[in-house]
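Engineer: Spelled out, the chains give:
Number of protein chains: 2
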Amino acid sequence: MSEKFVYDFKEGNASMRELLGGKGANLAEMTNMGLPVPQGFTVTTAACTKYYEDNEKISDDIIKEIETHLKALEDLSGKKFGDPQNPLLVSVRSGARASMPGMMDTILNLGLNEEVVKGFAQKTNNERFAYDSYRRFIQMFSDVVMELSKKDFEDIIDQKKKEKGVTQDTELDANDLQDIIVKFKKYYKDQKGEDFPSSPKEQLIEAVKAVFRSWNNERAIYYRRMNDIPSSWGTAVNVQMMVFGNMGNTSGTGVAFTRNAATGENKLFGEFLMNAQGEDVVAGIRTPQPIDQLKNTMPEVYEQFLTICKTLEDHYKDMQDMEFTIEEGKLFMLQTRNGKRTPAAALKIACDLVEEGKIDKKKAVSMIEPRSLDALLHPQFDAKILKEKTKIATGLAASPGAACGKIVFTAQDAIKKSKEGEKVILVRLETSPEDIEGMDLAQGILTVRGGMTSHAAVVARGMGKCCVCGCGEIKINEKEKTMEIAGKTYKEGDYVSIDGSTGNVYGEEIKTVKASITGYFEKIMTWADEFRRLQIRTNADTPKDAQTAVSFGAQGVGLCRTEHMFFEADRIKAMREMILSKTKEQREKALEKLLPMQQKDFEGIFEALQGMPVTIRFLDPPLHEFVPQEEKEQKELAQELGISLEDVKATVKSLHEFNPMMGHRGCRLAVTYPEIAVMQTTAVIKAAINVLKKHSDWAIVPEIMIPLVGELKELQYVKSVVVKTADALIKEASVNLKYKVGTMIEIPRAALVADEIAKDAEFFSFGTNDLTQMTFGFSRDDAGKFLESYYKKSIYEQDPFAKLDKNGVFKLIKIAVEGGRKTRKDLKVGICGEHGGDPSSIQLCEEAKLDYVSCSPFRVPIARLAAAQAAIAASK
Amino acid sequence: MSEKFVYDFKEGNASMRELLGGKGANLAEMTNMGLPVPQGFTVTTAACTKYYEDNEKISDDIIKEIETHLKALEDLSGKKFGDPQNPLLVSVRSGARASMPGMMDTILNLGLNEEVVKGFAQKTNNERFAYDSYRRFIQMFSDVVMELSKKDFEDIIDQKKKEKGVTQDTELDANDLQDIIVKFKKYYKDQKGEDFPSSPKEQLIEAVKAVFRSWNNERAIYYRRMNDIPSSWGTAVNVQMMVFGNMGNTSGTGVAFTRNAATGENKLFGEFLMNAQGEDVVAGIRTPQPIDQLKNTMPEVYEQFLTICKTLEDHYKDMQDMEFTIEEGKLFMLQTRNGKRTPAAALKIACDLVEEGKIDKKKAVSMIEPRSLDALLHPQFDAKILKEKTKIATGLAASPGAACGKIVFTAQDAIKKSKEGEKVILVRLETSPEDIEGMDLAQGILTVRGGMTSHAAVVARGMGKCCVCGCGEIKINEKEKTMEIAGKTYKEGDYVSIDGSTGNVYGEEIKTVKASITGYFEKIMTWADEFRRLQIRTNADTPKDAQTAVSFGAQGVGLCRTEHMFFEADRIKAMREMILSKTKEQREKALEKLLPMQQKDFEGIFEALQGMPVTIRFLDPPLHEFVPQEEKEQKELAQELGISLEDVKATVKSLHEFNPMMGHRGCRLAVTYPEIAVMQTTAVIKAAINVLKKHSDWAIVPEIMIPLVGELKELQYVKSVVVKTADALIKEASVNLKYKVGTMIEIPRAALVADEIAKDAEFFSFGTNDLTQMTFGFSRDDAGKFLESYYKKSIYEQDPFAKLDKNGVFKLIKIAVEGGRKTRKDLKVGICGEHGGDPSSIQLCEEAKLDYVSCSPFRVPIARLAAAQAAIAASK
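From first to last, the protein sequence lines stand for chains A and B.
834 is the number of the first residue of the first sequence in the numbering used here; add one for each residue after it.
834 is the number of the first residue of the second sequence in the numbering used here; add one for each residue after it.
Incorrect hints may have been included.
Copies of the same chain look alike in the list, so a pair counts if it fits in one copy or across any two.
[Unchecked claim] Simulated crosslink set (BS3-like; lysine-lysine; CA at most 25 Å straight-line): (1) Lys1415 to Lys1018; (2) Lys1655 to Lys1644; (3) Lys1557 to Lys890; (4) Lys956 to Lys843; (5) Lys1022 to Lys1034.
Bear in mind the hints are in silico, worked out from the structure with no lab data behind them.
Same shape as in the complex, but just chain A (with noise of 0.2 Å):
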């Protein structure tokens, strides 16, 4: 038997949510459940890999499967696709496995044309209706299936309103939209060169390849990158009976949550609006009720809706984001799924679910998305500050957290100017699907129009980001880039602070301040430590990161990088004497001068850590980096040492080199000053020494590690270097201090020779960055010039310096780790690149059983539940 590409909704479930997308599946689960669904069938995600495979087209196969669940459907129903005596009439829509808001398109009233609307109106009785469906249909069709601008259209639809001197769609009757239909039609064949797909049949099979195109169009492949989706999975179609929300006022349509979106809190939420096609509200374009007030309108559909919800929620036991339509009294479900939700939420509602036995804790800790606590990490407003603030208008607080940045009104202009180094709001009417990069780069998002289930506010919540929405008070002039509140202009670059917590907009740049881990954050928190088996450590230069960290729960310093401590005024002038001297011995009186520096630093770090381990990486930027490029700063650096300018441009040219990234620096800089080792040694061991000599009972056992180490006897020569001054150090002071002697794992060869190199690395610890680059063979720098066409071509679909690369770049990790255990059984390995803080990345760190990751500090509570996540999934 043949593969079978097309599913009636009651031949599906839940489980086959990935042949069937998230929102086919649970039809099929519903209508299982005996939901009032309307019926219809699934086009399966295998159908569109194949589409893709056929060089984008639906098999002859595919399409007869198509029309004997069409004609299943025809035969349930009783209506024929069609036949205007009694025309069945369907949506179709895209479902993929993961849920993809605003990102795929969807087609209502698809089957009708001149002949089939004349019988739908006299069937529905209401020509108006029957005529308004048609030109909705029209539009769609028009935009999503051929591409034609939405705008165009509206445009027409203006100029018949103008003419008719009325300001509401309402006010059109059945002829204004005959005579709209037809000048869209005709539009469509200036534009075009066909007349208007009139067969039904060939107006679904064009829609069902509209679906699978849109799988991949920009937004979509954007989003998918964004959120780890694969390109191959592929998306499903859902061709349903249309029900309508819009048949008159016994007629509606809504979105409703079970529980609260924005807090949490256990009571139904949701919106409608009598009279309206679902688009309508998801729109935003009108405001709809809040979802209580149906109980007076239409008080036993109401009733009905919330069994339907509890009922909903106790089968799939997490929150549910529901739509439904109410078709003259008679309510449909027409889809649910696991609501978003902000991370405030998120981390109630799974406590809330644990606390009503609904689920267990390991479940709770499964149910967060790790990213999502970067929100409750950012700013909030300082509350002292903000009392002597006067907000200027009051929107829906749609996606929690403070922002404040430069006023910007297009995403073009967001993602400008976000490039440049800005910090912008992203103010807009509303948002649609191609504002989304703009909306990523943006701080915050205003819109004015839309409520709390609109486009930015489900949007934004996604991805974590502070949102006020359906703020009507603004009034934007997209032209002269300017918005007016009471009478007050800003223009783009204004300064503007946005609540989404309250709602609340101020007109002026407020300070934020960063929140800490309580309530129910701090109940997830301790779940997740019960279960995670991964140490989290984090990157910190300064006492100051580290003392963050070890607040956020850090339990030591994977990565503490010496030379930005060089970087600093007072010190860059020490190490710029080190680099021009010429002889060992002036380089030491130069390391002299660093020595107390960095001793004093260190002592800083080991105090925050209070005995906790602390690994500090030696010199590894090269030296060019630290020498100043422009002819006055090097006239300066001349004088200040009393050298000449031709000694020091000298220098600075001999530092030149084709390819830093691959050139005179880490390890290599050690082998050639070893003098530079012994001053990082020394101010190590007697920072130690000193911080041990204070605190008696912590346990300091400093780990000094070698960087960019491609040859065991590399290590040796250095180690040897550290080993000899430290031993002499410590014997001096007559201590009992052990410390510990690594490597960075970063250049593809050490991977290749762990097993050589642990011989003499007691750990090693993943520098993924260089790894990465290296692997790739592209430097940071550089790649943004081509990985914009990559993602276009879906050569690569996730940045590989975000996500560590599975196929890559994380065999080489497995080698290395295989490697290294075999030498040396008890080798600590950990990760200290900016993979360490990567929900997907530490998941593979589960995978090779390192014993640690390192993140900055604001990603620690963010691995600490990731790797709770990455070990509940492993001992599954």
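Once you have looked at the hints, place chain B on chain A.
Structural biologist: Chain B alone, transformed into the frame defined by chain A:
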């Protein structure tokens, strides 16, 4: 039982070379063969390794073992170490596993002190001889063990000669020598702050240590690097009873080869000096007599020596290089080893030995050092030009081949000028081990003193480098950096030409021509091809290079770099126009201009290869390499293209990369500008079609190679562009042309995901230059700054760009071959980095079961031989 670190000669044999070193093993073998060998013992290479493990100390156990064997030697000889009545004197010589001529140091006459020398004088009844021996010992010991300058001691002797008004050492009598010894010892004490050691045992242990230490002197490290000898091998030390060639006129010493080391002629060839110690011959200080004159001097000894020569050659089945000493009419063998020889001699000897039935063809092929063939492919003087030239002097034809260059008088100058790109001839009074790097870098070597077995001659032959030595007509003025020949003065920087096959010297520049493969060379190559499994291809960018390679036996082109074609004057303009294009259309217009030029090149190469495979690599370097960096040129370019200078500057700036090696290059160019791949595909396919039309019997299958691939999808994208273009052209031309699309594996990730990449790659070619850079994480252009330190500190012993790194890069290659062939069983795999012409790398290619290696045209014969040897070794 603990490890044995010392062996008497009679305990060993030739197979124990690894433990006893070459010299020690052969002394043992000769002892067992019953040949007259002064007895002694060998301290093993394992003792040397232990010495370094123990931080440069000889353990007490080993010292005890030495003492035991010394006692046995005393018993055997009836003499006693340090006994004035009947003293045992010994020589101490190094002897590594591989012969390292001149690299390690020798001490003779060890065991003498103030007391012993007196007894020795009485016993030998030759006071002058005894004190001369003691004088030599102090000098050698001070130099080798204590690192005091040889010259300062020579100065003391010269001072004495001046006082006495004599010129020859032999004119000094016993009293003079005693006086010299007093001065030597005073000088020693002044320098070292202690008395010259008088205890023979202390002398012995210090001498053994000195030999061990000398294993790691700079010259030894350089020699090992040049000759691929790992430092872990260590050297053995041979302690041997002294015999004296300087005991009067019935004593003498010499070296001889069983066949002519320069020509290979089957005729004893050697030199001797009567009344001299061995060092006198080797150092070339006195010019010795030809060996056959020994027949007249001491007929019986000569006959005995001839018999021994035959015995040894028959035993070792190879030409032997022997040292002997005659002590008062009695012949002693001090050494035998397989003799170094010129490449031409090596070929003749190998062929002759097969002819004589002593070895088989496999053995003959294995006997030739592949790299030595280089010299045969190196320039000879153009015979026609040479006829018109007059030589200015004649020396000994010490190492064949012709060379021409500017005169330098010191090794330092040779190094300096060579690195500046000059071709130089090193002219020296005589060479010494310190000169080895300068000799390596010079085109040829010309010495004033020394015979065919002098340092210069032996080393030059080993290097396959042209050398004329013993050219006494030259008078060098080292201070002025000039030389005089027949009254004419030549300055540093003047041209000189030397012919190592005739010994002629010319005082002008003479053009040289390449040699071809004929005679014995051809015979050996034919045999090599019988045993070879690997195919040999060539890296050729032009029809001319391709033709040369084919004449040397290349079986295809493994790498045709298309970008080199763009650098030519008439083409770079179109290339620049392409780069400065703002739109795809402009780019395509510029590419159209390049198309016919590329196509013509490809046609030429296809013609040259006559149907053998040709692999064409698509554009690889970053575009900035093609644009002018100087403002003057930028202005010209702007004018030519009719655009503004600012435009040119902006483009140049936008092309700047921080790490161009890891930037926008390779297939990344084809991903961003697919039109480049379209043009290149068109050029390849049209060229193939044209040539195929002329030669329908040729099996032309162009292999298009996509560079710098790191991910399957990247290859798939570019391949789809190639296939679409190629298939359309083939269809249009209605020909039956096949082509392949493959990739270079030159990024670590490509090797790691090779199983994936092989889904679409029809062949792999390892680009080991880039692969080495990225695996090691250092750029070839920048590594010079620190690699010197690495070599000095023995961290790296080999240039990984010259010899494939077995532990790191080769591991990636094995991963890639295994992965690739798992996916595609018949995957063709080759190598096209510079390693493709390096014998040790070729051995690894055989091990990894590659299909072919590709190298520069002049390395093709070397690769053919190395591949045969690798196959023979693998079959064992």
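Engineer: Hints first: check each against the structure and report whether it holds.
Structural biologist: Against the structure, the hints:
1. Lys1415 to Lys1018: The answer is neither: 82 Å in one copy and 38 Å across copies each exceed 25 Å.
2. Lys1655 to Lys1644: Close inside one copy (17 Å) and across copies (17 Å); limit 25 Å.
3. Lys1557 to Lys890: Between copies, since 18 Å is at most 25 Å while 70 Å is not.
4. Lys956 to Lys843: neither (28 Å within a copy, 117 Å between copies)
5. Lys1022 to Lys1034: within (19 Å within a copy, 109 Å between copies)
Checked against the numbered hints above, the structure violates hints 1, 4; every other hint is satisfied.
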